[in-house]
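Protein chains: 2
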Amino acid sequence: MINKLIKEIIKKDAPIVVGLDPKLGFVPTHILDKWYGELSYSLEAVGEAIYEYNKGIIDATYDLIPAVKPQIAMYEQFGIPGMIAFKKTVDYAKEKGLVVIGDIKRGDIGSTSEAYALGHIGTVSVGDKSFNPFNEDIVTVNPYLGTDGVQPFVDVCKANDKGIFVLVKTSNPSSGEFQDRIVDSKPLYEIVAEKVNEWGETTVDSEYGYSDVGAVVGATYPEMGVKLRALLPKSYILVPGYGAQGGSGKDLKGFFNKDGLGAIVNSSRGIIAAYKNEKYASFGDTGYADASRAAVEDMLKDIRENI
Amino acid sequence: MINKLIKEIIKKDAPIVVGLDPKLGFVPTHILDKWYGELSYSLEAVGEAIYEYNKGIIDATYDLIPAVKPQIAMYEQFGIPGMIAFKKTVDYAKEKGLVVIGDIKRGDIGSTSEAYALGHIGTVSVGDKSFNPFNEDIVTVNPYLGTDGVQPFVDVCKANDKGIFVLVKTSNPSSGEFQDRIVDSKPLYEIVAEKVNEWGETTVDSEYGYSDVGAVVGATYPEMGVKLRALLPKSYILVPGYGAQGGSGKDLKGFFNKDGLGAIVNSSRGIIAAYKNEKYASFGDTGYADASRAAVEDMLKDIRENI
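Protein chains in written order, with our numbering: chain A, 1 to 307; chain B, 1 to 307.
To be clear, the hints were calculated from the coordinates, so they are not data collected in a lab.
Predicted, not measured: the structure shown is a model, and the values here were computed from it.
It is possible that part of the hints are untrue.
Put simply, identical chains are the same to the list, so a pair is met inside one copy or across any two.
Said to hold, decoys possible - Taking lysine to any residue and the SDA-like style, the derived pairs with C-alpha atoms no more than 25 Å apart in a straight line are:
1. K34 <-> K129
2. K129 <-> E38
3. K12 <-> R229
4. K195 <-> R304
5. K195 <-> D63
6. K158 <-> G287
7. K195 <-> K234
8. K129 <-> E177
9. K158 <-> E8
10. K253 <-> S42
11. K23 <-> D148
12. K12 <-> K234
13. K96 <-> D128
14. K94 <-> V204
15. K276 <-> D63
16. K301 <-> N160
17. K129 <-> L24
18. K96 <-> L39
19. K186 <-> S206
20. K276 <-> D128
21. K129 <-> G25
22. K258 <-> K279
23. K34 <-> S130
24. K23 <-> D155
25. K234 <-> Y208
26. K227 <-> T123
27. K186 <-> S111
Please take these sequences and the hints and turn them into a complete structure.
Listed below in structure tokens is the structure:
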């Protein structure tokens with residue numbers, strides 16, 4: 001799967017991913033009002049509104065970007081109708097040729113991780129039929145439970161040509177509380193990075209030399225990005241934290257290899273809620289999708305200039 | 001919420017929780033065949049079968065137990081119909097007066113953790129209405145992202161009288177890979193335990209002296225259970241790993257305080273798939289729920305004798 005993502009990145013000259021994290025406050029009023037009118041104030045109305053909002057953004061940007069990253073929490077918070085919106089968003093993005101990175105941060109004991117892996121990037125069998133329940137291409141994985149919690153995801157990747165990004169150093173302010181603690185004279189995130197290399201070892205493809213097991217490293221920690229780029233020679237790095245969380249283009253160079261590959265930078269709020277930003281306010285609420293396109297173009301410019 | 005759980009534990013003299021982790025292979029053939037007949041081989045049929053199976057187990061055991069712990073991965077793997085079965089299971093268990101511990105192991109950056117917390121143990125507002133989408137009483141939380149990933153759960157607990165159990169030392173074989181690493185001359189799980197104390201500080205209730213922020217510590221690591229019991233004086237400990245994973249009653253004493261409170265032991269497969277165990281085979285497939293009841297009675301005997 002990583003090869004498919006890399007090819008799309010090269011084709012579009014765009015090492016970026018749009019985070020589809022639809023907070024209710026981001027959805028323009030005209031969309032909300034339409035669905036509240038049809039389905040009253042309900043979770044069902046929210047689910048439909050979120051999906052319509054996402055669809056607009058995908059339609060306005062899919063030719064510029066290789067991938068989208070829906071954050072499942074933003075859907076899960078609205079219960080079953082939210083999960084339906086998640087699933088429809090995944091399916092629609094794939095219809096438009098995008099790679100879909102499900103930001104699910106799952107991780108559990110072995111047999112339970114296997115269930116997550118099968119449901120999100122694998123296949124479940126029912127009688128003589130089989131189904132791909134959520135059908136993302138790549139998912140994010142939490143490593144806190146260790147190898148037996150991650151290996152089932154790797155196995156399912158291999159069986160289905162899918163990928164994972166393992167949390168190594170997250171973008172949030174408290175990420176250092178445990179991840180930076182010193183173990184055997186190096187920070188825990190380096191120990192996790194060593195495991196990422198091990199987990200990915202058997203999934204390296206010869207075409208570009210990257211493995212299907214990538215790493216998440218926040219844009220908000222550029223020095224650690226440089227260190228981890230060197231420690232993870234065969235892993236793609238998914239870099240959240242650009243834009244609204246504080247990372248900018250000049251912080252990103254160190255996450256990439258010299259050939260311009262090796263990293264993919266996520267922006268969520270900065271793209272999907274661009275119309276709420278003064279810079280793009282002239283698009284207005286009804287032009288939210290065009291505002292997202294303009295924000296993608298500006299992000300691409302910033303990143304292409306800096307890497 | 002912890003008080004409600006403690007009262008139920010005392011009333012039923014049962015510091016145990018039944019893990020509703022319905023692998024497809026556990027669901028008796030007569031239930032599967034019925035739903036395959038009605039809905040053909042489909043995720044919808046699996047969702048209905050899982051719910052009927054769970055309902056049977058709940059009906060046969062609710063008078064003996066204080067709580068159930070559905071593991072969401074086992075539902076999520078079957079997509080939307082699986083999630084519907086999860087939601088219906090939560091609702092039905094609550095109807096029967098059980099405390100519901102959602103084993104979701106979520107954890108993310110702050111604003112995202114808040115979305116998970118609102119969706120699972122909180123309230124979301126839509127126009128002038130509000131909803132409790134999944135409506136568990138307590139959920140499990142992964143601490144790897146640090147305080148800003150956990151605090152939103154604590155805040156939602158306080159606002160809604162709910163609870164969380166934070167992963168401290170998990171029951172799986174690889175849990176030591178990161179959790180046991182030595183930081184400042186103590187294992188990482190102790191550092192996490194110290195944070196659990198901090199996070200729970202403002203949620204301690206005077207009646208029994210426990211906080212709404214508990215800890216997960218696997219039955220498979222009894223010596224660490226003793227250490228963590230001492231380090232976490234105000235936290236209830238959720239103890240998975242009893243039975244099928246290898247923990248037994250004699251390993252459990254150290255997880256409890258002298259008054260017999262302080263811990264709640266989970267068994268999943270050992271209870272819900274008891275009819276597949278030679279010991280309870282005489283109940284047959286159609287007597288699976290009665291087999292579960294017998295297994296609960298045996299588990300209670302084992303635990304009451306040992307703590």
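Hints the structure violates: just list their numbers, smallest first.
-> Checked against the structure, the hints that fail are numbers 4, 5, 6, 8, 10, 13, 16, 18, 19, 22, 26 and 27, while the rest are satisfied.
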